[in-house]
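Chemist: Generate coordinates for the entire structure from the input sequences, incorporating the hints supplied.
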Amino acid sequence: MSHFIFDARTATPHFPGIGRYVNALLDAMPPLLQTDETLTVLQDSHAELQQTAILNHTQLKLIYLAATPFSLRQQWVIPAYIRRQKKA
Numbered sequence: 001m002s003h004f005i006f007d008a009r010t011a012t013p014h015f016p017g018i019g020r021y022v023n024a025l026l027d028a029m030p031p032l033l034q035t036d037e038t039l040t041v042l043q044d045s046h047a048e049l050q051q052t053a054i055l056n057h058t059q060l061k062l063i064y065l066a067a068t069p070f071s072l073r074q075q076w077v078i079p080a081y082i083r084r085q086k087k088a
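For the sequence shown, position 1 (counting from the first letter as 1) is numbered 1 according to our numbering, and the numbering increases by one without interruption.
Hints in this document: simulated from the structure, not taken from any laboratory.
There's no promise every hint is true.
Said to hold, decoys possible - With a Cα cut of at most 20 Å, we get these calculated DMTMM-like pairs of lysine to aspartate or glutamate: (1) Lys86 x Glu37; (2) Lys86 x Asp27; (3) Lys61 x Asp36; (4) Lys86 x Asp36; (5) Lys61 x Asp7; (6) Lys61 x Asp27; (7) Lys87 x Glu37; (8) Lys87 x Asp36.
Stated by the list, open to error - The calculated label-pair distances, taken between Cβ atoms and stated as ranges, are: (9) Gly17 x Thr58: 27 to 33 Å; (10) Phe15 x Leu72: 17 to 23 Å; (11) Pro31 x Met1: 14 to 20 Å; (12) Lys87 x Gly17: 34 to 40 Å; (13) Thr35 x His14: 34 to 40 Å; (14) Asp36 x Trp76: 15 to 21 Å; (15) Ser71 x Gln34: 29 to 35 Å; (16) Gln85 x Asp27: 20 to 26 Å.
By construction, the Cβ of each residue, glycine as well, lies at the ideal position given by its N, Cα and C atoms.
Modeler: Dropping the structure here:
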């Protein structure tokens with residue numbers, strides 16, 4: 001079983017071009033998942049994803065992180081989350 005993690009924390013109004021690209025990737029990715037694959041989307045806890053249709057996909061999990069893309073905190077929060085996922 002494969003587990004993919006996609007960092008979508010730049011999909012915010014602050015990054016309009018990158019945000020559109022990230023949202024377009026998120027629209028395209030769930031239909032490509034095999035039945036034994038999952039996709040976890042890391043999202044900034046202060047932002048909302050523009051597409052709500054993908055949020056209902058059964059193989060997709062949305063995780064809100066309290067660490068912006070430019071914070072030093074992300075250097076600890078994201079690796080800790082990934083380590084926890086490996087153990088689960």
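Chemist: Run every hint past the structure and note whether it holds.
Modeler: Cross-check of the supplied hints:
A threshold of 20 Å between alpha carbons decides the hint, and for Lys86 with Glu37 the separation of about 14 Å falls inside it, so the pair holds. Taken as a hint, the Lys86 and Asp27 pair is broken in the structure, with Cα atoms around 26 Å apart against an allowance of 20 Å. Taking the CA atoms of Lys61 and Asp36, the gap is near 14 Å; set against the 20 Å cutoff, the hint holds. Between Lys86 and Asp36 the alpha-carbon distance is near 16 Å, which keeps this suggested pair within the 20 Å criterion.
With a C-alpha separation of about 12 Å, the suggested pairing of Lys61 with Asp7 holds against the 20 Å cut-off. Between Lys61 and Asp27 the CA atoms are separated by roughly 14 Å; this keeps the pair inside 20 Å, and the hint holds. Taking the CA atoms of Lys87 and Glu37, the gap is near 17 Å; set against the 20 Å cutoff, the hint holds. The straight-line distance between the Cα atoms of Lys87 and Asp36 is roughly 18 Å, inside the 20 Å bound, and the hint therefore holds.
Separated by about 30 Å at the C-beta atoms, Gly17 and Thr58 satisfy the suggested range of 27 to 33 Å. Distance hint for Phe15 and Leu72: a CB-CB separation of about 19 Å, consistent with the stated range 17 to 23 Å. Between Pro31 and Met1 the C-beta distance comes to about 18 Å, which sits within the given range of 14 to 20 Å. Distance hint check: the CB atoms of Lys87 and Gly17 are about 36 Å apart, consistent with the given range 34 to 40 Å.
Checked against the hint of 34 to 40 Å, the C-beta distance between Thr35 and His14 comes to roughly 36 Å, which is consistent with it. The beta-carbon spacing between Asp36 and Trp76, approximately 31 Å, falls outside the hinted interval of 15 to 21 Å. Distance hint check for Ser71 and Gln34: the Cβ-Cβ separation is about 34 Å, which falls inside the suggested range of 29 to 35 Å. In this structure the supplied range 20 to 26 Å holds for Gln85 paired with Asp27, their Cβ-Cβ distance being about 23 Å.
Hints 2, 14 from the list above are not met by this structure, while the remaining hints are.
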